[in-house]
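**Q** Sequence:
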Amino acid sequence: SIEPARASAPRSHAHCCSGQMALLVVVLDVSGDTLCEARVEPSRTILDLKEAIESRTGIPLCEQRLCDDLVELADGDGIGERLGDDATVVLVRESKDWAAWFR
Numbered sequence: 240s241i242e243p244a245r246a247s248a249p250r251s252h253a254h255c256c257s258g259q260m261a262l263l264v265v266v267l268d269v270s271g272d273t274l275c276e277a278r279v280e281p282s283r284t285i286l287d288l289k290e291a292i293e294s295r296t297g298i299p300l301c302e303q304r305l306c307d308d309l310v311e312l313a314d315g316d317g318i319g320e321r322l323g324d325d326a327t328v329v330l331v332r333e334s335k336d337w338a339a340w341f342r
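Residue numbers (this note's numbering): 240 to 342.
Hints were generated in silico from the structure; no laboratory data involved.
Computed from a predicted model, the values in this text were never measured in an experiment.
A couple of the hints might just be wrong.
[As the list claims (entries may be wrong)] Derived CB-CB ranges, DEER-like:
(1) Leu300 to Leu267: 13 to 23 Å
(2) Ser334 to Ser282: 28 to 38 Å
(3) Asp268 to Glu290: 13 to 23 Å
Just so you know, even glycine gets a beta-carbon here, dropped at the ideal spot from N, CA and C.
Just need the whole structure built from these sequences, with the hints factored in.
**A** Below is the structure:
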C-alpha cells in the first residue's frame with residue numbers, strides 16, 4: 240500500500256501492512272519545492288505512486304512526469320527496481336493541451 244508520510248516519521252524504512260519495508264519517496268517540483276511525501280512498498284509501481292500524488296496534490300495523472308536523475312520513470316516500472324532506499328523524484332508537470340497531444 241501507499242501511505243502518507245507523517246511529519247514525525249523518521250526518514251528511514253518503516254514497515255507497511257504487508258511486512259515489506261516501505262521506502263520514503265519525496266516528490267519535488269522543478270524548482271525544488273516539496274510537493275508531497277509517501278511511504279511506498281517496493282513492489283508497487285510508478286503508476287501507483289502517481290495515483291498517490293494525484294490524491295494528495297490534485298495534479299492529474301496525465302499531467303505527471305516523474306524523473307529520477309534526469310531519467311523519466313515509466314508507469315509500469317517497479318518502485319524497488321528503479322528507486323533507491325529513500326528516494327527523491329522530480330515531478331515535471333505537462334499542460335493539459337501538451338499531455339492530450341501525446342495521447
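**Q** Honestly, do Ser334 and Ser282 meet the 28 to 38 Å range at C-beta?
**A** 32 Å, holds
**Q** Using the C-beta atoms of Asp268 and Glu290, is the stated range 13 to 23 Å upheld?
**A** 18 Å, holds
**Q** Please check whether Leu300 and Leu267 have a Cβ separation lying inside 13 to 23 Å.
**A** 18 Å, holds
Violated hints are absent here; each numbered hint is respected by the structure.
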